[in-house]
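Asker: Protein chains in written order, with my numbering: chain C, 1 to 421; chain P, 422 to 599.
Check before you lean on any hint, since a few could be wrong.
Stretch by stretch, here's where chain C covers chain P in the computed footprint (C-beta under 8 Å, at least three residues) [stated by the list, open to error]:
no. : stretch
1   : 423 to 432
2   : 444 to 455
3   : 461 to 467
4   : 472 to 482
5   : 503 to 510
6   : 540 to 548
7   : 558 to 570
Chain C side only, calculated, beta carbon under 8 Å to chain P, not exhaustive [claimed, not checked]:
no. : residue
8   : Arg36
9   : Pro59
10  : Leu60
11  : Gly75
12  : Trp203
13  : Ala409
14  : Phe410
Cross-link-like lysine to aspartate or glutamate pairs, in silico, DMTMM-like; alpha carbons within 20 Å at most [unchecked claim]:
no. : chain 1 : residue 1 : chain 2 : residue 2
15  : C       : Lys52     : P       : Asp477
16  : P       : Lys513    : P       : Glu583
17  : C       : Lys383    : C       : Asp131
18  : C       : Lys383    : C       : Asp127
19  : P       : Lys513    : P       : Glu498
20  : C       : Lys132    : C       : Glu387
21  : C       : Lys194    : C       : Asp127
22  : C       : Lys52     : P       : Glu549
23  : C       : Lys52     : P       : Glu556
24  : C       : Lys52     : P       : Glu583
25  : C       : Lys128    : C       : Glu384
26  : C       : Lys52     : P       : Glu498
27  : C       : Lys168    : C       : Glu387
28  : P       : Lys513    : P       : Glu587
Treat the hints as calculated values from the structure; they're not laboratory data.
Every residue, glycine too, gets a C-beta built ideally from N, C-alpha and C.
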Amino acid sequence: MIYWATALSVLLLVLSVPIFLVFGVGSSLVATIELRQPFTTLLQVSYGAITKHVLLSIPLFIFAGLVMLRAGVAGRLVHLCITMVGHLPGGLGIAMVLAMGFFAAFCGSILAAITAVGSILMPSMVDKGYDKSFVVLLAATAGILEVLIPPSNGAIIFSALTEVPVSKTFAAGVMPGFVFMGLLILYVLFACRKMPRAERHSWSDRGRAALAAFPGLMTPVIILGGIYGGILTPSESAAAAAVYAILVGFFIHRELTFRGLLDALRSTARTTTVIFAIIAMATFMSVVLTFTRAPQSIVEYFIVYGVTPLTFLITVGVICLILGTFLEAIPVIYLTVPVFIGVIDHFQIDILHFYIVFGAFVALGLLTPPVCVGVYTAAAVIKEAPERAFRAVPAFLAVGLVYAGIMIAFPDIATWLPGLL
Amino acid sequence: MAVIRLLTRWLRRLNDLLAAAATAIGMAVIAFAALALFIQAVERHVTGQGYAWMSDFPPYLIPWCVFPLMGVLLREEQHITVEVAPNFLTGKALATLKLFIGLVCLTSGIYFCHTGALAVEFFMLLGEITETEIEIPFWYLYAAFPVGFGVFSLFALERVLEHGLELIDGPEPMEPQP
Numbered sequence: 001m002i003y004w005a006t007a008l009s010v011l012l013l014v015l016s017v018p019i020f021l022v023f024g025v026g027s028s029l030v031a032t033i034e035l036r037q038p039f040t041t042l043l044q045v046s047y048g049a050i051t052k053h054v055l056l057s058i059p060l061f062i063f064a065g066l067v068m069l070r071a072g073v074a075g076r077l078v079h080l081c082i083t084m085v086g087h088l089p090g091g092l093g094i095a096m097v098l099a100m101g102f103f104a105a106f107c108g109s110i111l112a113a114i115t116a117v118g119s120i121l122m123p124s125m126v127d128k129g130y131d132k133s134f135v136v137l138l139a140a141t142a143g144i145l146e147v148l149i150p151p152s153n154g155a156i157i158f159s160a161l162t163e164v165p166v167s168k169t170f171a172a173g174v175m176p177g178f179v180f181m182g183l184l185i186l187y188v189l190f191a192c193r194k195m196p197r198a199e200r201h202s203w204s205d206r207g208r209a210a211l212a213a214f215p216g217l218m219t220p221v222i223i224l225g226g227i228y229g230g231i232l233t234p235s236e237s238a239a240a241a242a243v244y245a246i247l248v249g250f251f252i253h254r255e256l257t258f259r260g261l262l263d264a265l266r267s268t269a270r271t272t273t274v275i276f277a278i279i280a281m282a283t284f285m286s287v288v289l290t291f292t293r294a295p296q297s298i299v300e301y302f303i304v305y306g307v308t309p310l311t312f313l314i315t316v317g318v319i320c321l322i323l324g325t326f327l328e329a330i331p332v333i334y335l336t337v338p339v340f341i342g343v344i345d346h347f348q349i350d351i352l353h354f355y356i357v358f359g360a361f362v363a364l365g366l367l368t369p370p371v372c373v374g375v376y377t378a379a380a381v382i383k384e385a386p387e388r389a390f391r392a393v394p395a396f397l398a399v400g401l402v403y404a405g406i407m408i409a410f411p412d413i414a415t416w417l418p419g420l421l
Numbered sequence: 422m423a424v425i426r427l428l429t430r431w432l433r434r435l436n437d438l439l440a441a442a443a444t445a446i447g448m449a450v451i452a453f454a455a456l457a458l459f460i461q462a463v464e465r466h467v468t469g470q471g472y473a474w475m476s477d478f479p480p481y482l483i484p485w486c487v488f489p490l491m492g493v494l495l496r497e498e499q500h501i502t503v504e505v506a507p508n509f510l511t512g513k514a515l516a517t518l519k520l521f522i523g524l525v526c527l528t529s530g531i532y533f534c535h536t537g538a539l540a541v542e543f544f545m546l547l548g549e550i551t552e553t554e555i556e557i558p559f560w561y562l563y564a565a566f567p568v569g570f571g572v573f574s575l576f577a578l579e580r581v582l583e584h585g586l587e588l589i590d591g592p593e594p595m596e597p598q599p
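Here chain C stands alone, though its shape is the one from the complex:
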């Protein structure tokens, strides 16, 4: 029965049936027919997963980001970054990396970040002679920073699955986020070394740009200050960020309209549904995994074959890259983390180190075609055919693999900051 259900799930997946249904149909068939579990158990487990308080921060961070997008925060951030680094070789590219990093610090959506920052910077980069495929891939790759820099949806979901406090997973992503930003900036400097440079902005220009961007720059302070100051829970800090974004949009920048606010609410409700429908149905699978003892079998397999922690982490990377080629990040997390978690305990790998290595490869999987929604979104911003943009994938994938290698080799990058808390 399990093999039939797996075959059915793969078939439905290939035929483009929505992933949440594929998870739900296959797992519920096995759970109710083979394992003779009542559907009430599945429903209880599913509800237990989607009503976790910490998961509520996902829609609220997405909402905060979408309001910020409509409140004109992105434009001011981009302008600040351009005044700071626009004179360097590949200055606009570096500005994009920095702006994406800032935007990631208060937005819960990769696509919102790519649209917000990309729609301002990408057309002017193309006008200045940057290669279109380079621009598309840079935006899509820099969008990955959202996975690393808190508040990150991936961190929240990982915490919900593993019971690791969100404050720890958030903190674990900070240093790797900076490392990834640094690597991307180095690559931009190298790739654009022969491009003409823009004029350096004066310090008064920079001061004015910083002042204009100041309300937006305060958002991460509210979010992370609230959490690490022990003042707010992650969901409360997300709610505070959303209310702050509304206040900034209406009363400081005065660019947010009531229609824009409703639009942000509508988009948030839809994105929430896409994410939570997968979570609700993927938890059916956790019932199957528990009753079939699949994670324990995998641990035994690793023991029998004498797999080392390093080999295990590399195996995780390869699996995530392959899965990420065909699936989005959230299904990959729900498919693999419940299985890997037992193995991590066996190898005594720090769970935050695992999270960062795992996150690196899942994020890299988002760059590999055919399923690379970030690349498609960025390509749509400058109306470039995604197939042409794919030319630049190998170079950015190489940067990502260097980053993933560093994360495997130096666990302290992930564990140092959470250790201080």
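Once you have looked at the hints, place chain P on chain C.
Answerer: Here is chain P on its own, set in the frame of chain C:
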């Protein structure tokens, strides 16, 4: 055939209303969650005490945002899928695949609606209530599942009928823009 066309038109209108209602409920849930958590946090720090229900309720409302909206996203093709087969198909073959996907969605929608309703009936009989400041029966929360999949089935049926008609008549002509 005329009956099917009429049925499709009526179903589309019904689904338009359901889509508007589900979207409004989803938006209200998100807005309530943001405001309730913010007010609760401010109140806790200002007065030293907060209403626990303002923190407890928002997560319980999330299923009422998620499940009813699943059908709307099916209509707009916004659910995450693996776009493998559609990349290799065109014309009637693609329409047949979409009809098949619609049928899978319809069948599983009816299955989950039915089994969900039975589970909700069971929870009603159990009479369990939440451990929140304001107590509510658990089945109120679980009811979002069969209701959501009921709505989802209606949207799936709309897809099945539309793609079925498309296979018989060819693609629907574009409506002239005003």
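Asker: So, for every hint listed, does it hold in this structure?
Answerer: Evaluation of the provided hints:
no. : hint                : result
1   : 423 to 432          : violated (count 0)
2   : 444 to 455          : holds (count 8)
3   : 461 to 467          : holds (count 3)
4   : 472 to 482          : holds (count 4)
5   : 503 to 510          : holds (count 6)
6   : 540 to 548          : holds (count 3)
7   : 558 to 570          : holds (count 3)
8   : Arg36               : violated (14 Å)
9   : Pro59               : holds (6 Å)
10  : Leu60               : holds (6 Å)
11  : Gly75               : violated (24 Å)
12  : Trp203              : violated (37 Å)
13  : Ala409              : violated (33 Å)
14  : Phe410              : violated (33 Å)
15  : Lys52/C - Asp477/P  : holds (10 Å)
16  : Lys513/P - Glu583/P : holds (13 Å)
17  : Lys383/C - Asp131/C : holds (13 Å)
18  : Lys383/C - Asp127/C : holds (13 Å)
19  : Lys513/P - Glu498/P : holds (19 Å)
20  : Lys132/C - Glu387/C : holds (12 Å)
21  : Lys194/C - Asp127/C : holds (16 Å)
22  : Lys52/C - Glu549/P  : holds (19 Å)
23  : Lys52/C - Glu556/P  : holds (18 Å)
24  : Lys52/C - Glu583/P  : violated (38 Å)
25  : Lys128/C - Glu384/C : holds (16 Å)
26  : Lys52/C - Glu498/P  : violated (27 Å)
27  : Lys168/C - Glu387/C : violated (39 Å)
28  : Lys513/P - Glu587/P : holds (9 Å)
Of the numbered hints listed earlier, those contradicted by the structure are 1, 8, 11, 12, 13, 14, 24, 26 and 27.
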